[in-house]
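Residue numbers (the working numbering), protein chains in the order written: chain A, 1 to 262; chain B, 1001 to 1262.
No lab work stands behind these hints: they were computed from the structure.
Any given hint might turn out to be false.
[Stated by the list, open to error] Among the chain A residues that face chain B by a calculated CB cut under 8 Å, a handful are: (1) His7; (2) Leu11; (3) Phe48; (4) Ser180.
Beta carbons: idealized from backbone N, C-alpha and C, even for Gly.
There are 2 protein chains.
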Amino acid sequence: MDFAAAHPRELRALIRRGELFRPTCGLAPDFTQANLAILPKECAFDFFLFCQRNPKPCPVLEVLEPGQWEPKLMAPGADIRTDIGLYRIYKDGELAAEERDISKYWNEGMVSFLLGCSFTFEAALMRAGIALRHIEQDKNVSMYVTGIQTVPAGIFSGPLVVTMRPIPTARVVRAVQITSRFPSVHGAPVHIGDPRKIGIADLSRPDYGDAVEIKDDETPVYWACGVTPQAVALKSRPSLMITHSPGYMFITDVLNEDLAVL
Amino acid sequence: MDFAAAHPRELRALIRRGELFRPTCGLAPDFTQANLAILPKECAFDFFLFCQRNPKPCPVLEVLEPGQWEPKLMAPGADIRTDIGLYRIYKDGELAAEERDISKYWNEGMVSFLLGCSFTFEAALMRAGIALRHIEQDKNVSMYVTGIQTVPAGIFSGPLVVTMRPIPTARVVRAVQITSRFPSVHGAPVHIGDPRKIGIADLSRPDYGDAVEIKDDETPVYWACGVTPQAVALKSRPSLMITHSPGYMFITDVLNEDLAVL
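Using the sequences plus the hints, can you model the full thing?
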């Protein structure tokens, strides 16, 4: 089966039946993939507020009512409890298990947040001929905890995490323009150039993901990263929090291009 | 005193002391003015969800934690309970009073929402030489209840309310481009042309505001209207809901231009 050509609906059905079990990068590339964070109702308002105040690291695509598992707007017919390949279960802020189905953890107080992921803007950069080294080299993108504080909300606060991509210096302005079109998937960069200006001591030692080479004719460009809301939420030690496992995203029915603001 | 040149901080201080009591249109025109809706904590999550799902009629600028009255992000030092000229108090969905200070109604469970208002995009249209008839004629903008349903969220649902502005037909595309830059203040139009296509029977009979003439070389253009969230919220008959009075907006410290996406 040609997974790249399959519709998200078909892919989700295969994932649900356990017949497709792999990271989702490259699947249905024209469609938006999303980060998932599920939190108890008690802290859902504060988390929603945190996302609203920090739209670059936490771009909200869809929020489900407490207890609801069908993302009716972005993936009608889907089930958030079964349609992701691999989930992480956190109890009191600690990783407790990885699961391929979270139905047994479900209760009426769970609130699901679908947040934008960088696949959408990376696809747009590549369509414009801007190659991305971590994809060429089949590595994880480099991620760094910065000295920039997010805007706190209720019980949530913490530092901004960014991704870094080396961009040919002559294409940096174009990369800003391209990613600015997609505010709901991290949008424009947060910084260009010297890592020390945002509190990163050494680009060769990322906090998450893999280091990549930066060539002489390239400039490091930094985008807000979806690890931020997850790190901030776990810091508050919620009794139960469920997320996708890294790389196993939720595939929506929404075309990337439909998220563009202009 | 030249109110148009005063900083929002000064204007809010004058309003707080009762020394400036008038609609805010034309005051500090480079700065963003906001609609206010205050709801009890019990329905605040659902209302937040409703706004997230309907960003054109309900563009969220800032949400305050329950009980908080200082909009720390958009107007540090301000007090949402005193810094608007005139408020409306709704009890069980019915208008109960108009007040110039709402301190006596305040309690720890109240959640304040600041929502974008059309002044910002109207200023941008006028700067581009697109005259607006209701402003020229000192009327209220024409508003219509449409046949378009908003996306429901929790207890909230209802029809979309739009504003209509006659735009010179040769400038309609430009008007779309200009207002697209400002998604957090209603953004791009929802419809252009024939009112019957969106369930409006007669443009000469608006549901709110005043009718205006549409000339032969003009096209009616429709934008989502901030009356929508207020109408939807009141339909749910919350025990207490407080809003600004029409025309008496909250003046923030944020430049209109800082809300532009590109």
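Now the hints, each set against the structure:
1. His7: violated, 23 Å
2. Leu11: Where the cut-off is 8 Å and the nearest Cβ of chain B is about 25 Å from Leu11(A), the hint is violated.
3. Phe48: Because about 6 Å separates Phe48(A) from the closest Cβ in chain B, which is inside the 8 Å limit, the hint holds.
4. Ser180: Hint holds; Ser180(A) Cβ to chain B Cβ min 5 Å, cut 8 Å.
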